[in-house]
Structure formats: structure tokens, C-alpha cells
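Undergrad: Using the sequences provided together with the hints, build the complete structure.
Residue numbers (full-length UniProt numbering), protein chains in the order written: chain A, 1 to 331; chain B, 1 to 301.
Calculated from the structure, these hints are not laboratory results.
Quick reminder that beta carbons are idealized off the backbone N, C-alpha and C, glycines included.
Among these hints, one or two may not hold up.
As the list claims (entries may be wrong) - Pairs of lysine-lysine, DSSO-like flavour, derived with a Cα cap of 27 Å:
no., chain 1, residue 1, chain 2, residue 2
1, B, K204, A, K138
2, B, K204, B, K114
3, A, K138, B, K26
As the list claims (entries may be wrong) - Facing chain A, according to a computed beta carbon distance under 8 Å, are these residues of chain B, among others:
no., residue
4, P40
5, M106
6, F132
7, G133
8, G135
9, I136
10, Y140
11, S190
12, W192
13, V272
Next come the chains, spelled out residue by residue.
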Amino acid sequence: MSGTTPSSDVSTTSTSAPPEPLPALRPVLARKRGLRQRMWQARWLYLFILPGFVYFVVFRYVPLLGNAIAWQDYSPYLGFSGSPWVAWDNFARLLTDPEVANAVTNTLFLSLLQIVFAFPAPLLLALLLNSIAGDRIKRVVQSIVYLPHFIGWVIVVSIWQALFGGTGVVSDLLAQITGSPVNLMTNPDTFAILITSQVIWKEVGWGTIIFLAAMTLVPTERYEAAAVDGAGALRRIWHITLPGISTVIVLLLILRLGSVLTVGFEQIILQQDAVGAEVAQVLDTFVYYRGVLGGDWGLATAAGLVKGVIGTALVLGANWAAKRFGGQGAF
Amino acid sequence: MSRPRTSSPARPMWMGRPSFLVTVLKAVVLSVTVVVMLYPFLYVIAGSFASSNARSEGSLSLIPTSFSLDAYASVLSGGIVTRALMVSIGVTVIGTLFSVTLTILMAYGLMSTKDVPGGRVILYLVLFTMLFGAGIIPNYLLVRQLGLLDTYASLILPGAISAFNLVVVRNFFMNIPREILDCARIDGASEWRILSMIVVPLSKGVIAVIALFYGVAYWNDFFNAMIYLNDTAKWPVQLVLNQYVLQGSPLTPLQNPAAPPPPADAVQMVVVVLATVPILIVYPFIQRYFTKGVLTGAIKG
Chain A
1 MSGTTPSSDV STTSTSAPPE PLPALRPVLA RKRGLRQRMW QARWLYLFIL
51 PGFVYFVVFR YVPLLGNAIA WQDYSPYLGF SGSPWVAWDN FARLLTDPEV
101 ANAVTNTLFL SLLQIVFAFP APLLLALLLN SIAGDRIKRV VQSIVYLPHF
151 IGWVIVVSIW QALFGGTGVV SDLLAQITGS PVNLMTNPDT FAILITSQVI
201 WKEVGWGTII FLAAMTLVPT ERYEAAAVDG AGALRRIWHI TLPGISTVIV
251 LLLILRLGSV LTVGFEQIIL QQDAVGAEVA QVLDTFVYYR GVLGGDWGLA
301 TAAGLVKGVI GTALVLGANW AAKRFGGQGA F
Chain B
1 MSRPRTSSPA RPMWMGRPSF LVTVLKAVVL SVTVVVMLYP FLYVIAGSFA
51 SSNARSEGSL SLIPTSFSLD AYASVLSGGI VTRALMVSIG VTVIGTLFSV
101 TLTILMAYGL MSTKDVPGGR VILYLVLFTM LFGAGIIPNY LLVRQLGLLD
151 TYASLILPGA ISAFNLVVVR NFFMNIPREI LDCARIDGAS EWRILSMIVV
201 PLSKGVIAVI ALFYGVAYWN DFFNAMIYLN DTAKWPVQLV LNQYVLQGSP
251 LTPLQNPAAP PPPADAVQMV VVVLATVPIL IVYPFIQRYF TKGVLTGAIK
301 G
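TA: Structure (C-alpha cells):
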């Protein structure tokens, strides 16, 4: 909407309308009629928007209200209106539940590993690809490394099972070397490494896309100047490429930090039973087991809600910090 | 991404010629990366063709010592996997059509929020869902409340529109020269006609990309099916894969007790291959579009 001053096309249409209102009322009426007229003009656009709008309201906003059961001792038989309200009980129980503490620890630990190892991996690969002059080779490599991104977690885990499971080929090799049977898919001690490796394998190629695109925007003159000054390839990466794409790196890091409480639900739940909850239970799987399977709806909803609120606060906070320190931020 | 039209390896003067050692090192790192990415796929495909005990213990070889289609015959005659594949194909095709249609319509409607009073508010409502979403439980309870448990609709409706894809399409639409659309409007074309005759044909690339994203998401979806479907007869292939490959339930009843059953490993790999093949088939066709698609979304997203 154009605010208090009607835009030019609206005022011309209103003045051309036959019944002339009192001069003092004219701007108000023009605005009113203008709005209604503009809405009528946009009637087809509203019709186009409608199905999507209904979708967002029903499937994205109604569930937000559903979070109210975090303050209830919810029972499916009593329903939303029949279940008793318990104020902050569920949130208080979260603080003392040992499983929650365990899930938070595991989530943060796995996230930390991913930020340290899985986040820089695509950057390194992108730097390598960027340094290759042959366009053909680059394109072939790219289309191969993007592929695992499109493979679902069930398939990825199944493939890893075939390689690293009890009868897998890598396990066989390791067993021959060490002399004792190895099963990396069921070993709680190596679970965190397994999860991180899977994430890197699946997403490293896909992650290069944005870095590579950012690198093409770094002005060539800078490289030329640096080369003239005698900077070698590594120094050019350090002094030109990385500073040139620092905005993108910061932006992606912000988004990653915002999801620090989210580690792939599907990936974990597929493998949690094999290694046990002690090392594998994360916040999302806790919510699923305790809520959908365990029936402790109120507590599970509270856990999910706290996670969502903290996650949003983290994104906004990291974005604010990035702007404060001279970056651009994401929004 | 900008691709130089020349196919010759254009090395600018300033780059200098890297030393032999560096070139070799780069080649090795790249080759290892490519092998690590491809080998698992090839290994599983090779394994699916192995006959009994063909896979020697601890062999990294990709060529089975004896080739056989027994595992495929056994899986496909079992009925469970075939039905699951049909479910997955159906959900993917219908879901993708549904999602792409809704996304295009909404993106076009919100293309110029100036012309649509309230449009900006709706756009912000959509963008907000990228920042904050309801948790697993409220979504589950909603689906149950709507009576969608154990229906195929529960695999499609809850994720029907992705805000990210919507932004990608909207950004693309906004780059179409305004004059073209205004000309059509002056000529009296309806919005529907402009969308279907001008905007959509000009946006084939981006539509292909979001169709790929939606299609892959529907095909790979495990989460919705796991929490919303109890009825095993309705299971898509990803759930079957989980049940029989990861949880280790036996898949096929013996068809012919006289013949030795194909090795369990091979049977599992067949299911993995069947679940992967559709993606491998569409991937090369759409691959060239998606870098552009991802970046249009990333710039303004």
C-alpha cells in the first residue's frame, strides 16, 4: 500500500469518476475507492495466492498455536480443550530430566564437530576446484560431487551399512588388519565420527556451489596485482580469495550457528537404535521418542518449542553480531 | 556461475604455471574425492548383481565373480518392494505437480506486492516460516486432527510449499522485464494468460530446478512416512528400505524352496539400487539448471 499519499494512477482514476464529492473528503474517498479498486484489479492475483496462503496458515501457522500444549498435561483422549493446564510444569521438568541433558549434550557435541569439520570442507574443495584451469575437469568433478546431496538419508545410511556394517567390505578389511571383527555402524565410540563423515560425504560437493559462485565475483585485477607483487598461489588465496568471499562465509556460518540445536533428524533416527540413546539421542529424536512414541506430549512439545525459540534467537543474534562487526548479515 | 564459452583451458597470465608437484597433488586429491563419492554407489550396484557367495570376503573389487539377476527376480516377485515403488512414484509425481503448481501460482501472485494490497504481509508470513517453525509434535497433532493419518495426503500436504523454493521462483519472475507483462496487460490479456503463456515459458529453467527439489524431497522423504503411516501396505520405498536393510527384517518369503535363495546382502543391495535409480535417471537432465536455481534463491533469500 502506498500510505497516506495516493499514487498518481489512483488519483487520476478517482477524479475521472462522475460523482464529484466534497473537496475536503476527496482524498479520503479516493484512498478508499483506490484501495478497493486496486483489490478488485488484483482479484486474479488473490485467487492465485489463495491456495498457498491457506497452506501456510493451516500447515505452518496453526501448528504454531498448537505449541500451547507445552503448557498442558495433554492427553489425546481429552483433546486440546479438555486437557488440564499446568503452567510451566513441563518446562520445569525439562530442566531436571536426565534424558534432556543427555540429548542437549549430544546435540551440541555433534553440531560442534560439524561446524569444525563439515563446514570448512566445502570451502576447501571449492578453493581446490577454483584453482583448476581446465573447465572440463572442473565440470565433471562438480557433477559427481553434487550427486550425494540428492540421495536420501535412508539410502545413504543403507549404502554406508553395506560398506561399514558387520558384513561390509571395509569392515572385512579392517577385521583382517586388526584381527578382530569390526562394525563401525554399531560402535558407540565412533558414532560421532561416523555421523560427521556421512554429513561431509553427502553435502561437501553441494556446499561448494555458493563458495564457487562467490569466488567468481572476486575482481580479477586483484589477482593480477597480487601476482605482479610476487604473491604465490597460496598467498593469493589467503589475501585475496578468502577476504573476497568473507561475506558469504560469515553469512553461511550465521545460518549454521542458528541451527546448532538441529542435527539431521532422519540421519540420527535411522542409526540411533544401532548404537544406543546414550550417544545418539539428540533433541529432535528425544521429542519424537518421548512425544509421539512415549505419549508425554506436553513435555516433548515444550522441548521442541524451547529448541525453536533458542534457534531463532541464535540466528538473529549471530546476524546482529555479524552486522555489528562490519559484515552484511543475512537479513 | 559464469562459464567461459571457450572450452580450452584458459589460464590467465597472472596465474603462472603451477609446479609439477602441485599439479600432481591436486590431481591426486581430486581423484580421491571422486572415487570416494562414486565408489559406494558402484559397489552397491555391483553387489546387487552378485550370485551366492560371489562376493569374496574383504574384496574391494567392483566386478562380481559371477553375475546373476536372482536377487532382482526375488525382490520384484516378492510384491512388497514393487508396491512400495509404486507408492513412491505416485506420491512423487502427484506431490511434485501439486507443489510446483501451488508455488508458481503463489510466486506470481506475490511477484509485485505493490499491486496486491496485503501482499507484502503475506510475503512476510511466508518468510517467517523459514526462521521459525512449529515442532514435530504440533505438526503431528495437526495431521491427526485433520484425519490425515495413514493417508497418502499426509505425505504431500504438510510440506506442500517450501518457502525457499517460493522465494527462488519469485526472484526469477521479478527479473522478467516488466514491460513484457505490461504490454500483454494493455493488450487485454488476463493474468492467467500472462502467467501461462508468457511467464511460465520464460521460466522453464527455474521451474525445472524446483521440480527437481520437490521431486527429490518427495522421493527421499522418510520422516513424514515414518510418523504418519502405520499401515505397512501404504509404505513408500524409503520405509521398506529402512525396515529390511537397516532393521534387518527378512524381505522375501521363499518363492522356490528347492533353489537356494539369493544372498541376503545382494537382496538388500537390490532394494538400495531400486530406491536410488530414479534419482540417478533424472539427475543428468536437470543438473545443468540447478546451480543457477540455487544461486537465484541465495542472492535475495
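Undergrad: Would you mind marking each hint as holding or not holding in the structure?
TA: Going down the list of hints, with the structure as the test:
1. B:K204 / A:K138: Distance ~26 Å between B:K204 and A:K138 Cα, so the pair holds.
2. B:K204 / B:K114: Cα-Cα ~25 Å, so holds.
3. A:K138 / B:K26: holds, 12 Å
4. P40: Holds: closest Cβ of chain A sits about 5 Å from B:P40, inside 8 Å.
5. M106: holds, 3 Å
6. F132: holds, 5 Å
7. G133: holds, 7 Å
8. G135: Since chain A brings a Cβ to about 3 Å from B:G135, closer than 8 Å, the hint holds.
9. I136: holds, 5 Å
10. Y140: This interface hint holds because 6 Å falls under the 8 Å limit.
11. S190: Holds - the Cβ of B:S190 comes within 8 Å of chain A, reaching about 7 Å at its closest.
12. W192: holds, 6 Å
13. V272: holds, 5 Å
Going through the hint list in order, the structure satisfies each hint without exception.
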